[in-house]
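**Q** If you read the protein sequences in the order shown, they are chains A and B. All residue numbers for the first sequence refer to my numbering, where the first residue is 1 and numbers rise by one. All residue numbers for the second sequence refer to my numbering, where the first residue is 1001 and numbers rise by one.
Worth flagging that the hints you see were computed from the coordinates, not collected in a lab. For glycine and all other residues, C-beta sits at the position ideal for the given N, C-alpha and C. Incorrect hints may appear among the rest.
[What the hints assert, rightly or not] Derived CB-CB ranges, DEER-like:
(1) G1176(B) with L276(A): 41 to 47 Å
(2) L13(A) with A1122(B): 29 to 35 Å
(3) A1082(B) with F294(A): 25 to 31 Å
(4) R1134(B) with R360(A): 44 to 50 Å
(5) G1197(B) with L283(A): 41 to 47 Å
(6) G1150(B) with L13(A): 24 to 30 Å
(7) I280(A) with G1176(B): 45 to 51 Å
(8) L382(A) with A1196(B): 36 to 42 Å
(9) S363(A) with G1021(B): 58 to 64 Å
(10) A291(A) with G1197(B): 44 to 50 Å
(11) A1122(B) with L276(A): 33 to 39 Å
(12) R360(A) with F1016(B): 50 to 56 Å
(13) R1134(B) with Y379(A): 39 to 45 Å
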Amino acid sequence: MIKSLRGVLRGYLFTIAGIAIGVAGIVALGAMAERIVRFIEGGDRFVLGQISVAGRGMGMGAGFTAGGLLPAAAIEAIRKVDGVAGVQPQVLLPLNPSTSQFMTLTQELVIGMDLSVPSPNRHYRTLPVQSGRFLRQGDRRKAVVGASFAAARALAPGSRLELEGQPYEVVGVLERMLTAPDRFVVVSIEDAREQWVSKDRLLRTVLASGGVALRAQDLNTGAAVGWRDSEDPDVVARRIRDQVAGVNVQIPSELSSLLRQSTAFFSALLVGLGLLAFVIGGLSLANTVAAAVFERIRDFGVKRALGATDWQLGREILAEALAVTLSGGALGVVIALALGLGIDGWARRSGQQLFLFSPRLLSGTLVFALLLGAAAAAYAALRIVRLSPAEAIRRGSAA
Amino acid sequence: MPPESVVTVRGLVKRFPAPSGPPIDVLAGADLEVRRGELVVVEGPSGSGKSTLLNVLGLLEDADAGEIRFGDRRVSELGRAAKSRERGRWLGFVFQSFLLLPALTALDNVLLAARYTTGVDAERRRRAMALLERFGVAERRDHHPAQMSGGEQQRVAFCRAVLNDPPLLLADEPTGNLDDVNGGAILAALRDRSRAGGAVIVVSHRPDAAQGADAVFTLRAGRLHRAGPLN
């Protein structure tokens, strides 16, 4: 049986190669789509896990919300709003201020967290650490870096990192999340405030003038706000907007919708590419399998002459088609993996990952290929068994 | 034991559509009876319908009218699956172009005759090997058709045709692609087959094919006309 199957597979070598190329195309394009989907889903999950608040204004460095300075008094006022479960002051700064602040999802950010307050984000109570540890209250000049940030600079726990002319010790590297935190540098809020002052000439001028009474704890670009279990986050966000003066409040569902709108083009593009890959790859696979079956029309005519019934022949054709499709599919997956991992190895040097070979993609593609292979084989088999054995032999001999 | 009459054909008609005009009656009421132990040769000019006769007789193609009986069983009216089973039970085929499967070895090609009928067991393997030895191609058992000469391929095809010991052997120009030596060996094997009690129908152009035949028919205008026995 195994010997006969091996013989069949050898006879179908070009068919297997043809299927492998089609499946490799589907998997590679699918993996790129998966990568983008994970990125968008990650951002969505983050913004839906908290209410983001900034001071009113249009200044830079406000993180996920446009806005200005959020002083300690405003944070205190937010804490007192009914339904609020926790407020964590934050300082979010672009690592490189010359980069557009509108690209906050893809640019490198320094995030300063008030570690005395637990993270109120429901989906990210802690950021997952791959190596080393996360920051502890009282840590100064210590940083935890995202996976892409670390890869781009070859950082590991114990490495040194310079931020705004100050040396930092990397104490941890986050797991690759394939979303915004991969490009984060997390430091204590005190360190982030120092960096902010150092980066922002206007802020330095205001502070030096003494015209505005600002304490260190007033230097926040925003705050992450949590809500009590029974509360609707959108309702709590609107309550903050109504009850606290001088703040920009992002309603979580609106922010999620905004995020989706801003990535809608890429999502549509990827969905289109994925569908195209499935259609082209699928048609190529179905055509290859059907052609391979039709090529052996003479053999099937001979087998019927020797007494094979339609059922026996159909079963045989289907089994062969499934074996060939599975072999081609597995080979295609291996080719796509090798290609994707190779390209990702090169891209990782600049902190990028272009492919995500998720189990759902790989298993889904194989199941898709098998179903399509079986359907194509069934179609070809039905066409063949409708012919008389003599006609099948005639057509096969003429081909 | 099959009955005395192995195959009986009455009023066989087979039409093919013509590119223009009415369909062509390639068989127009052919009658034939072949008994156990008989070797029957069918002659006729090229295009006279000899191969069509064998295809219809062998249930490889449906007749438009007429009756075919294997023994006392009327098989021309059977459904596709039943016809397949009757082919496996009653018939062995030897084709002009051998029709061995290129992906299979010589031994596997011979065993193909058992795959869809009795199943391949140790006994069938032994019999297949014995046949390959008897016809001088045992050393080719693991070779694929492309690695064998035409004569060797036809001998393997003959082994396949007789593996199940079918009551009726149909040979369509079995020597058409062979030299005199190999052709002679195949004709001798067909004669041996009939002497051993099998019914054999041979379509052939070779004059020596008719030697030793129990009856020779000529196919003319879609009908079979008895021209012999020669001896």
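**Q** It remains to establish, for every hint, whether it holds in the given structure.
**A** Tested hints:
{"no.": "1", "hint": "G1176(B) with L276(A): 41 to 47 Å", "result": "violated, 52 Å"}
{"no.": "2", "hint": "L13(A) with A1122(B): 29 to 35 Å", "result": "holds, 32 Å"}
{"no.": "3", "hint": "A1082(B) with F294(A): 25 to 31 Å", "result": "holds, 27 Å"}
{"no.": "4", "hint": "R1134(B) with R360(A): 44 to 50 Å", "result": "violated, 59 Å"}
{"no.": "5", "hint": "G1197(B) with L283(A): 41 to 47 Å", "result": "violated, 56 Å"}
{"no.": "6", "hint": "G1150(B) with L13(A): 24 to 30 Å", "result": "holds, 26 Å"}
{"no.": "7", "hint": "I280(A) with G1176(B): 45 to 51 Å", "result": "holds, 46 Å"}
{"no.": "8", "hint": "L382(A) with A1196(B): 36 to 42 Å", "result": "holds, 41 Å"}
{"no.": "9", "hint": "S363(A) with G1021(B): 58 to 64 Å", "result": "holds, 59 Å"}
{"no.": "10", "hint": "A291(A) with G1197(B): 44 to 50 Å", "result": "holds, 45 Å"}
{"no.": "11", "hint": "A1122(B) with L276(A): 33 to 39 Å", "result": "violated, 54 Å"}
{"no.": "12", "hint": "R360(A) with F1016(B): 50 to 56 Å", "result": "holds, 55 Å"}
{"no.": "13", "hint": "R1134(B) with Y379(A): 39 to 45 Å", "result": "holds, 43 Å"}
When each numbered hint is compared with the structure, violations occur for hints 1, 4, 5, 11.
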